[in-house]
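Enquirer: Next come the chains, spelled out residue by residue.
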Amino acid sequence: MKKTKFGIVVFPGTWSDQDCYHAVSTILGNQSVFLWHKETDLKDIDCLILPGGFSYGDYLRPGAIARFSPIMNEIIKFANSGKPVIGICNGFQILCEANLLPGILLPNNVLEFRCAKTHLRVENNVSTFSNECNSNQILNIPISHGEGNYYANNDTLEELEGNDRILFRYSSESGDISKNYNPNGSINNIAGIINKNKNVLGMMPHPERSCESILGSTDGNYIFKSIMKSITQS
Amino acid sequence: MNMKKNLEQKLYDLALKKTEYTQIIEKIGREPNDLELGLFGSLWSEHCGYQHSKPLLKKFKFSNDNILVDAGSQNAGAVDIGNGLAAVFKIESHNHPSAVEPVQGAATGIGGIVRDILAMGARPVALMNSLRFGDMSLKNDIHIFNGVIAGISEYGNCIGIPNVGGEIVFDESYNNNPLVNAFCLGIVKHDEIVEAKVGDVDNILILAGSRTGKDGIHGASGLASQTLEEESTSKSTVQVGDPFLEKLLIEACLEVIKEDGFVGLQDLGAAGLTSSVVEAAERSKKGVELNLDQIKLRDISMTPYEIMLSESQERMLVSCKPGNEKSIIEIFKKWDLEAYQIGKVINKPYINIYYKNELVADLPIAPLVECPTYTLNPVKPKTIKSNVQFNFDIKHFENHVAEFISNNNLSSRNSVFRRYDHQVQNNTVIIPGHSSAGIRVKETGDTLLLTTDGNSRYCSVDPYKGTLITVAESCRNISTLGGTPLAITNCLNFGNPENPEVYYQLDQATTALSEASKFFNAPVISGNVSLYNETNNGAIKPSPIISTLGILKNGTNITKSGFVNDNDIVYLLGIDNLELDLESLHGSEYENYFYKSVTGIPEIDLDKEKILQDTNRELINKGLINSANDCSDGGLLVTLLEKCFLGGKGFEFTINLNNNNLIPTLFGEVNSRIVISISSNNEKKLLNHLDQSILPYIKIGKVKSDDFIITQKFSLNLASMKDKWLNKLNHISN
Numbered sequence: 001m002k003k004t005k006f007g008i009v010v011f012p013g014t015w016s017d018q019d020c021y022h023a024v025s026t027i028l029g030n031q032s033v034f035l036w037h038k039e040t041d042l043k044d045i046d047c048l049i050l051p052g053g054f055s056y057g058d059y060l061r062p063g064a065i066a067r068f069s070p071i072m073n074e075i076i077k078f079a080n081s082g083k084p085v086i087g088i089c090n091g092f093q094i095l096c097e098a099n100l101l102p103g104i105l106l107p108n109n110v111l112e113f114r115c116a117k118t119h120l121r122v123e124n125n126v127s128t129f130s131n132e133c134n135s136n137q138i139l140n141i142p143i144s145h146g147e148g149n150y151y152a153n154n155d156t157l158e159e160l161e162g163n164d165r166i167l168f169r170y171s172s173e174s175g176d177i178s179k180n181y182n183p184n185g186s187i188n189n190i191a192g193i194i195n196k197n198k199n200v201l202g203m204m205p206h207p208e209r210s211c212e213s214i215l216g217s218t219d220g221n222y223i224f225k226s227i228m229k230s231i232t233q234s
Numbered sequence: 001m002n003m004k005k006n007l008e009q010k011l012y013d014l015a016l017k018k019t020e021y022t023q024i025i026e027k028i029g030r031e032p033n034d035l036e037l038g039l040f041g042s043l044w045s046e047h048c049g050y051q052h053s054k055p056l057l058k059k060f061k062f063s064n065d066n067i068l069v070d071a072g073s074q075n076a077g078a079v080d081i082g083n084g085l086a087a088v089f090k091i092e093s094h095n096h097p098s099a100v101e102p103v104q105g106a107a108t109g110i111g112g113i114v115r116d117i118l119a120m121g122a123r124p125v126a127l128m129n130s131l132r133f134g135d136m137s138l139k140n141d142i143h144i145f146n147g148v149i150a151g152i153s154e155y156g157n158c159i160g161i162p163n164v165g166g167e168i169v170f171d172e173s174y175n176n177n178p179l180v181n182a183f184c185l186g187i188v189k190h191d192e193i194v195e196a197k198v199g200d201v202d203n204i205l206i207l208a209g210s211r212t213g214k215d216g217i218h219g220a221s222g223l224a225s226q227t228l229e230e231e232s233t234s235k236s237t238v239q240v241g242d243p244f245l246e247k248l249l250i251e252a253c254l255e256v257i258k259e260d261g262f263v264g265l266q267d268l269g270a271a272g273l274t275s276s277v278v279e280a281a282e283r284s285k286k287g288v289e290l291n292l293d294q295i296k297l298r299d300i301s302m303t304p305y306e307i308m309l310s311e312s313q314e315r316m317l318v319s320c321k322p323g324n325e326k327s328i329i330e331i332f333k334k335w336d337l338e339a340y341q342i343g344k345v346i347n348k349p350y351i352n353i354y355y356k357n358e359l360v361a362d363l364p365i366a367p368l369v370e371c372p373t374y375t376l377n378p379v380k381p382k383t384i385k386s387n388v389q390f391n392f393d394i395k396h397f398e399n400h401v402a403e404f405i406s407n408n409n410l411s412s413r414n415s416v417f418r419r420y421d422h423q424v425q426n427n428t429v430i431i432p433g434h435s436s437a438g439i440r441v442k443e444t445g446d447t448l449l450l451t452t453d454g455n456s457r458y459c460s461v462d463p464y465k466g467t468l469i470t471v472a473e474s475c476r477n478i479s480t481l482g483g484t485p486l487a488i489t490n491c492l493n494f495g496n497p498e499n500p501e502v503y504y505q506l507d508q509a510t511t512a513l514s515e516a517s518k519f520f521n522a523p524v525i526s527g528n529v530s531l532y533n534e535t536n537n538g539a540i541k542p543s544p545i546i547s548t549l550g551i552l553k554n555g556t557n558i559t560k561s562g563f564v565n566d567n568d569i570v571y572l573l574g575i576d577n578l579e580l581d582l583e584s585l586h587g588s589e590y591e592n593y594f595y596k597s598v599t600g601i602p603e604i605d606l607d608k609e610k611i612l613q614d615t616n617r618e619l620i621n622k623g624l625i626n627s628a629n630d631c632s633d634g635g636l637l638v639t640l641l642e643k644c645f646l647g648g649k650g651f652e653f654t655i656n657l658n659n660n661n662l663i664p665t666l667f668g669e670v671n672s673r674i675v676i677s678i679s680s681n682n683e684k685k686l687l688n689h690l691d692q693s694i695l696p697y698i699k700i701g702k703v704k705s706d707d708f709i710i711t712q713k714f715s716l717n718l719a720s721m722k723d724k725w726l727n728k729l730n731h732i733s734n
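So the protein sequences, as listed, match chains Y and U. All the letters of the first sequence, read from the start, carry residue numbers 1 to 234 under the working numbering. All the letters of the second sequence, read from the start, carry residue numbers 1 to 734 under the working numbering.
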């Protein structure tokens, strides 16, 4: 079977790079390389991960500076070629700033940073990123962000809802989608979306933090294993 | 510095005494110029020179074979954690800056302690905070509370180090004088431990990181060495932090220390470049020549005095062999950081400072670091006899319990800890809110257990016993989850040491810490002293904060704090009856909360404590225990309720409680107790084990799916109580 090679982008201020490496390489046995933000060679990777952190300190707006990094042109080309890209937390914010995904991440409606256990309901289990999940499976994957309140205008929302582009929604442990289980005020409890071509995922929760039972959950592995499956089968 | 200032004003600014000025003249054989006086003032301050505490800190002599770097020799101590790895850790205060400017004070407290750990060559892997706030009756204290939590959250979350909690206490004695102690743990290979030294002659000194600005001048000498009344207008002495730069500095420094020609690394903390350069030169018994014209400034009008005393954050000093400076500077540049040569090492043990091609300071290193110390005659404060008359109203018992468990000191810290990223680095196997936090070491599979503890209630009635109890509790928090205490760091927060009664507290506390650390075989490997914690309402309660690091071997099976299974059997270890008397309420949180009073003398039997901890550890190693909690603040009922809340379970006493002493039994505080729950099929093995030991124990009840039944007459509604317990601190912050 073909091994999957992940590329993990490192911006100044990124801090989930090592955790992503731990999840996809140490735990799941894939090859992975770090890609410094000034690089322009993506080193023949199969899947690109934009990890969490505070790129450039996020002093202007999360992701707003990172999207001008030298590596971004290559990332856009890579995404446009149809290969899988996953943006986690700050990575999601960067993908929105770079217009690879629609909408924007506003400050949490609780106006505070939240590091907490959250449950996600899988809304579409046939994508590159969720094909290892059951329909409506509940994933235990934590969040850690101050600005993860997803917002998009009505037209965009209709487009997302109508085309199965919402991959994950915040829910209860039993799958109830209500405000009580929405940790940040995201519209329609959206936790993760994909682009029109369905090869770019942005999600605020951290799948790389739920890769070992000792850390509380292994549900994040469903997402990485889905990517591995799509790549090895393609 | 304004040249027109008279000597008296200059000495006041630097918190130097006239006698000390005379000593300076004697030591250098002439009058110092203003810059030189500034160097002396900051290095001879309590904060840098430990004027009043140094003689007392000498008591911490005990060490053992696990200790790789002893206290005081470097920026932090180091202890062996197996497989060629060492844990480096330290706790440090940032109390006064946090009182003046809470957000930046707390934020830069984290930045500073992280750089201390970094300066040892270690990757920082965990943060914690020990926090003390006023009783929330003053608007200013609510402002301080909100600011401090926001500062910790904003700075800590940005730098990619998990903050695994710590403790938060509220008490009137901290009104307008919060204690903000920041802890950092790092991990480094034994042979890669870095020293804060300059090395040999001609080595190059490189300054890296943030530019030098006017912030924080007199932070060490003024802010940290005077009482808070004197510093209401001290805002400009508080530094401003930039966590993004800190994150870059961490990564860059960890790369630099592996570079050829690297010699030493030192952070710039209190007293900025002055203490950094002088201390590093002293360690190498060499001198340094600095050229201030090379230093990149935020404000070009800065004088040499301001440049040398600036406490601008996120700066590190690197020493390297000549010829290697270019490649080292290149690494900083890769991380978008400024780095440049500012001087070199000279043979003559002097600090020579050049500014605009003139020699503006020329001082021998030795007297700068030989700060005069003061030993006072401690005076024992008068003990106040207890006059508390407890009077219980059992009719409204449930409300009574609900009010107590949801008071600021006992309620859940979740609404604060969820604002800290406690999971980054994928090692947090015990999240905040348990006896201790747990950080897995990926290389060994073991878990490091971390805890911070302080008990200013006990210390205020007896600083000696209070400190013994604090160390015992700190070690107990490690042993409760099956770990073995390895080493201790401490932060001694006290009032003005020039007051003989405060000096007595400091003297007693240091004696107790030294004895207890030896008793528990956990050497003190680092620490910090914060004195002058006083407002015009007087000194804070004596607050030695003890932070213990423990190790849990093969830590894949983590003992829970909350109850686990319905019908599990609950035992109380350390005591063989449930009939506590009124004495047990003296000095307790119950007395403190309901009677606004702390009386009595706390007691502890260290031998019994040790047997308790050893026994609990053995039971965990045998796999007999499903959950364990130490029983301390608030007493037995609080421990049981927490176990219910954390596990989503209920509880029923299976032994009959005597209504006549229900309150002391449920809320009294007796040291050396641990509550455990076990599966019923392990009960025989448990009893076999316990009966071989002299440790007293008693079976008290069983776990239920819901409900909390105390006696046939009393039960508690857990759901509404949990809601109050969980959300109390959230209401302060809103």
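No lab work stands behind these hints, which were simulated from the structure alone. Do not rely on the hints blindly, as some may be mistaken.
[Stated by the list, open to error] Derived DMTMM-like pairs: lysine to aspartate or glutamate, alpha-carbon spacing no greater than 25 Å straight-line:
id: 1; chain 1: Y; residue 1: Lys117; chain 2: U; residue 2: Glu154
id: 2; chain 1: U; residue 1: Lys553; chain 2: U; residue 2: Glu192
id: 3; chain 1: Y; residue 1: Lys38; chain 2: U; residue 2: Glu338
id: 4; chain 1: Y; residue 1: Lys196; chain 2: Y; residue 2: Glu132
id: 5; chain 1: U; residue 1: Lys518; chain 2: U; residue 2: Glu443
id: 6; chain 1: U; residue 1: Lys560; chain 2: Y; residue 2: Glu132
id: 7; chain 1: Y; residue 1: Lys43; chain 2: U; residue 2: Glu154
id: 8; chain 1: U; residue 1: Lys553; chain 2: Y; residue 2: Glu132
Enquirer: Given the hinted pair Lys196 of chain Y and Glu132 of chain Y, is their alpha-carbon gap at most 25 Å?
Expert: 21 Å, holds
Enquirer: Holds or violated: are the alpha carbons of Lys553 of chain U and Glu132 of chain Y at most 25 Å from each other?
Expert: 35 Å, violated
Enquirer: Could you grab the alpha-carbon distance between Lys560 of chain U and Glu132 of chain Y and see if it respects the 25 Å cut-off?
Expert: At roughly 31 Å apart (the allowed maximum being 25 Å), Glu132 of chain Y and Lys560 of chain U break the hint.
Enquirer: Between Lys38 of chain Y and Glu338 of chain U, does the CA-CA distance stay at or below 25 Å?
Expert: 18 Å, holds
Enquirer: Verify the proposed pairing of Lys518 of chain U with Glu443 of chain U, using a straight-line Cα cut of 25 Å.
Expert: 29 Å, violated
Enquirer: Sort out whether Glu154 of chain U lies within 25 Å of Lys117 of chain Y, counting only the CA atoms.
Expert: 20 Å, holds
Enquirer: With a cut-off of 25 Å on the C-alpha distance, tell me whether Lys43 of chain Y and Glu154 of chain U pass.
Expert: Violated. Lys43 of chain Y to Glu154 of chain U sits at ~35 Å, over the 25 Å cutoff.
Enquirer: Holds or violated: Lys553 of chain U and Glu192 of chain U, Cα atoms, limit 25 Å.
Expert: 23 Å, holds
In summary, the numbered hints that this structure violates are 5, 6, 7 and 8.
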